[in-house]
Amino acid sequence: MYSEKVMDHFQNPRNVGEIKNADGIGEVGNPRCGDIMKMYLKIENETIVDVKFKTFGCGSAIASSSMATEMIKGKTIEEAMNITNKSVAGALDGLPPIKMHCSVLAEQAIKSALLDYSKKNNVPIEGLEDFDPTEDPHDHH
Amino acid sequence: MKKLVYMDNSATTPVKQEVLDEMLPYFNIKYGNPSSIYSLGSHSRTAVETSREKIGSTINAKGKEIFFTAGGTEADNWAIKGVAYANKEKGNHIITSKIEHHGILHTCEYLEKQGFEITYLDVDEYGVIDLNQLKESITEKTILISIMFANNEIGTIQPIKEIGKIAKENGVYFHTDAVQAIGHIKIDVDELNIDMLSMAAHKFYGPKGIGALYIRQGVKIDSLITGGAQERNRRAGTENVPGIVGMGKAIELAYENLDEKNEKLIYLREKLIKGIFDNIDYVRLNGHPTNRLPGNVNICFEFIEGESLLLSLDMEGIAGSSGSACTSGTLDPSHVLLSIGLPHEIAHGSLRLSLGDFNTEDEVNYVVEKLIGIVARLRAMSPLYEKVKEVR
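Heads up: the protein sequence lines correspond to chains V and S, in order.
Take the first sequence: its position 56, counted from the start at 1, is 55 in numbering that gives the first Met the number 0, and no numbers get skipped.
Take the second sequence: its position 39, counted from the start at 1, is 38 in numbering that gives the first Met the number 0, and no numbers get skipped.
If you are wondering where the hints come from, they were derived from the structure by calculation, not from laboratory data.
Just so you know, not all the hints are guaranteed correct.
Ranges of calculated distance between the beta carbons of each label pair, as one might list FRET restraints [claimed, not checked]: (1) S:3 x V:69: 27 to 35 Å; (2) S:111 x V:125: 32 to 40 Å; (3) V:122 x S:269: 31 to 39 Å; (4) S:269 x V:75: 52 to 60 Å; (5) S:131 x V:130: 51 to 59 Å; (6) S:208 x V:46: 55 to 63 Å; (7) S:3 x V:11: 21 to 29 Å; (8) S:385 x V:69: 17 to 25 Å; (9) S:131 x V:17: 50 to 58 Å.
Covered stretches of chain V, going by a simulated chain S footprint (3 or more residues, C-beta under 8 Å) [said to hold, decoys possible]: (10) 9–23; (11) 26–40.
Computed from a predicted model, the values in this text were never measured in an experiment.
Glycine is no exception: its CB is placed at the ideal position from the N, C-alpha and C atoms.
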């Protein structure tokens, strides 16, 4: 059902945990639906120098979170903004159709954490103007 | 590959060697069509009828009241649709429960679209129906009550005798989906006033693709599958002879030393439950604490999601199942767990381990040991658990 990459990231998730005094924290998802992702960012000079996550969810939700943190670590905010659910799913060698919302959740977690950073530091981030972190990713598939 | 610890016996069971041995000649040596008149055919006919008699006598029914089907789901479909169509002049109302197998629920939903009225009875926190609600739901238009014998997810056994009595007093047919119960619990259709009963061989160490519907003599029921005179004109199609032979052998074996086997299963079940409760916090047992299938364990682990749990168990060679949305292929967790009043987020973290004849005490110990680590690992990753720790 899952690719080897998904199973690898599920079994050995990268960047699990929290960051004390994180510069941006994003939490998306809903326990009713069985998935919540929380992402912590440390940002210096417009660059994501550290990222951690915690996820309540299925195998693909955990793998998507793990992959998303790998994809944005060391990247600029602008580069992180270019990460989409499709690129996360692609990097995992694909997700089953019914699990695509997990990758949507990962994209939203990144954006939600960036939005938090943007608000706290009063730095506008291009592309986040219309972002709604409460939008239900389950409507996407 | 690691040794497999198979604890999903409610999903299916392995075919026992003795069962397979009896079946094999009917594939390529005694392969005749039971409807053929030459002796090769009549060997098959004899085998089919012998199995039918065995199954009938097991539940205190006559052989001719047993009709073979392709499995439990077909038997459920047949009982519900067959009675509905044959008795629609009398009434259009059917009573069932909210925690039935989808073989019943989806069939009832289909009939609703055809103009039938269905009452779905509530269940209490243990998954038991309310007999008063059942009585109050019966109207002059009620033609059928269909309540499962034992639940496939949480193992709860219903008050079948009382339901049968109520049905009989009101002149309403009583069907029970006994797919999880047959082969594991003694059933006497006369004593329990059961008019129809669904069964599937692969739940009691028989082959997949074969089941049966018991239909009490005199019950008015239409055929579901037409096209031949098999099964006394009621279920067309050439008989699955090897399957039927296997089912007969499997049911015979299932009821040999049943009390002894159940004693062992209950011992293992209680040991597994205790092992989990003694070592892991924030857990709850689903289903009735005592009045449940001998091999059924269903436990919710708060703050984690069932599919992650199953994948992690699989890596340790352990096979179980879950009622989480991610394993049901929908966005909602199991209708059974929601019906017993669990909130969505807790229902997502359910794990069913169903024990069978081949499980051992060592396996139970192994599963508990592995579960402790897996649950701790997944909770360490869970933002929900973090919140609870903060509160404490």
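Hint by hint, here is what the structure shows:
1. S:3 x V:69: 27 to 35 Å: holds (33 Å)
2. S:111 x V:125: 32 to 40 Å: With a Cβ separation near 52 Å, residue 111 of chain S and residue 125 of chain V fall outside 32 to 40 Å, so the hint is violated.
3. V:122 x S:269: 31 to 39 Å: At roughly 59 Å between Cβ atoms, residue 269 of chain S and residue 122 of chain V fall outside 31 to 39 Å, so the hint is violated.
4. S:269 x V:75: 52 to 60 Å: Given about 58 Å between the Cβ atoms, the range holds.
5. S:131 x V:130: 51 to 59 Å: Between residue 131 of chain S and residue 130 of chain V, where Cβ atoms are some 53 Å apart, the hint holds.
6. S:208 x V:46: 55 to 63 Å: Hint holds: Cβ distance 60 Å, inside 55 to 63 Å.
7. S:3 x V:11: 21 to 29 Å: With a Cβ separation near 23 Å, residue 3 of chain S and residue 11 of chain V satisfy 21 to 29 Å, so the hint holds.
8. S:385 x V:69: 17 to 25 Å: 22 Å Cβ-Cβ, so the 17 to 25 Å window holds.
9. S:131 x V:17: 50 to 58 Å: holds (52 Å)
10. 9–23: Since 5 is at least three, the answer is holds.
11. 26–40: Result for this restraint: holds, n = 9.
Consistency with the previously given hints fails for numbers 2 and 3, ordered from lowest to highest.
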